[in-house]
Every structure is written in C-alpha cells, then in structure tokens.
Amino acid sequence: MIRTLFLIIMLGLPGLANAVEPDEMLADPNLEARAREISRELRCVVCQNQDIDSSNAGVARDLRLLVRERLTTGDSNEAVIDFVRARYGDFVLFKPPFKPQTYALWIAPFALPAAAFAIGGILLWRARRRASVEALSDEEEALVAQVLARHGRGDEK
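Start counting the sequence shown at 57; every next residue gets the next number (my numbering).
It is worth saying that the hints were derived from the structure and are not from the lab.
We treat Cβ as the ideally placed atom computed from N, Cα and C, and that holds for glycine.
Among the hints, erroneous ones may be present.
[To be verified] Simulated DEER-style distance windows between Cβ atoms: (1) 138 <-> 89: 16 to 24 Å; (2) 139 <-> 174: 40 to 48 Å; (3) 174 <-> 122: 38 to 46 Å; (4) 167 <-> 204: 32 to 40 Å.
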C-alpha cells in the first residue's frame with residue numbers, strides 16, 4: 057500500500073514541475089504549443105540550468121509572457137528567440153551558436169577531460185620512471201654499511 061502510494065506520488069511529481077501558470081497560457085493551442093517549444097529552448101537567467109518553461113523565477117515568468125506577446129504579434133519562432141537573445145545574449149540559449157565568443161562552451165566539455173587524462177598520464181609516467189630505481193653498486197652498498205655501522209642501525213629512538 058505504501059509503495060503504491062509512493063509510486064503514484066513520484067509519477068505525479070514531474071507534472072508539477074511545469075511552471076507555466078494558467079493565466080499565462082494562450083487561447084490558441086497552436087500558439088501555445090509554439091510558446092512552450094520556444095520556452096524550453098531558453099535558459100532562465102536566474103536558475104541558469106533550467107528552462108523558462110519549468111522555472112518559477114519571476115524573470116522566467118516575464119520571459120514566458122514576452123515570448124507569448126511576441127508570438128501573438130506574429131513573430132516567427134526564430135524572431136522571438138533572436139529578440140530574447142538580443143536582450144540577454146547567447147547565455148540565454150541552451151544551444152548557443154558556434155562562434156568565437158562561445159568556443160569555450162563548445163570545446164571545454166571535450167578539452168577539459170582530455171587535458172585531465174593527459175596530465176594524469178604524464179604524472180603516472182613520471183611516477184613509474186622514478187619508481188624504477190637501479191640497485192646499489194657494490195661500492196655504494198659498502199658505503200651504506202659503513203655509515204650504518206658508524207651511526208647505529210638508525211631504527212632506535
């Protein structure tokens with residue numbers, strides 16, 4: 057019984073994540089579907105890793121209303137996205153364009169792990185090289201024996 061109740065609650069939680077409030081929705085289902093699609097492509101500038109469609113932040117609500125306003129005036133999806141990007145920059149896009157200002161965003165996910173592996177490999181190679189110490193020569197062993205005999209075994213406290 058408890059497991060079933062828990063399962064029902066857990067399955068219902070994703071539906072609660074929608075932050076679009078009824079007073080924001082457009083009467084035209086086609087325009088509303090376009091607004092939802094655009095809202096999923098735009099990042100909340102407050103939450104940063106959440107789209108404006110599911111964010112409860114006030115700025116996200118304002119952006120959702122702005123998207124719907126632009127759509128009702130006849131703007132295309134691209135025009136709405138361009139308008140928002142002109143105000144907030146490429147940061148507001150979940151998929152920023154590949155250009156010099158955003159190279160770090162596109163290259164870092166590949167370059168950072170590669171650099172980490174390279175540095176780790178170099179450190180391991182150096183550690184193994186240091187670990188391969190050659191055995192002492194007969195002269196060196198005799199010298200160590202003399203020092204130990206002169207100064208004791210060295211393990212006394």
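Cross-check of the supplied hints:
The given range of 16 to 24 Å is respected by residue 138 and residue 89, whose C-beta atoms sit roughly 20 Å from each other. A hinted range of 40 to 48 Å holds for the C-beta pair residue 139 and residue 174, which are about 43 Å apart. About 45 Å separates the C-beta atoms of residue 174 and residue 122, a value consistent with the hinted range of 38 to 46 Å. Against the hinted window of 32 to 40 Å, the Cβ-Cβ separation of residue 167 and residue 204 comes to about 52 Å, which falls outside the hint.
The structure fails to meet hint 4 from the earlier list, while all remaining hints are met.
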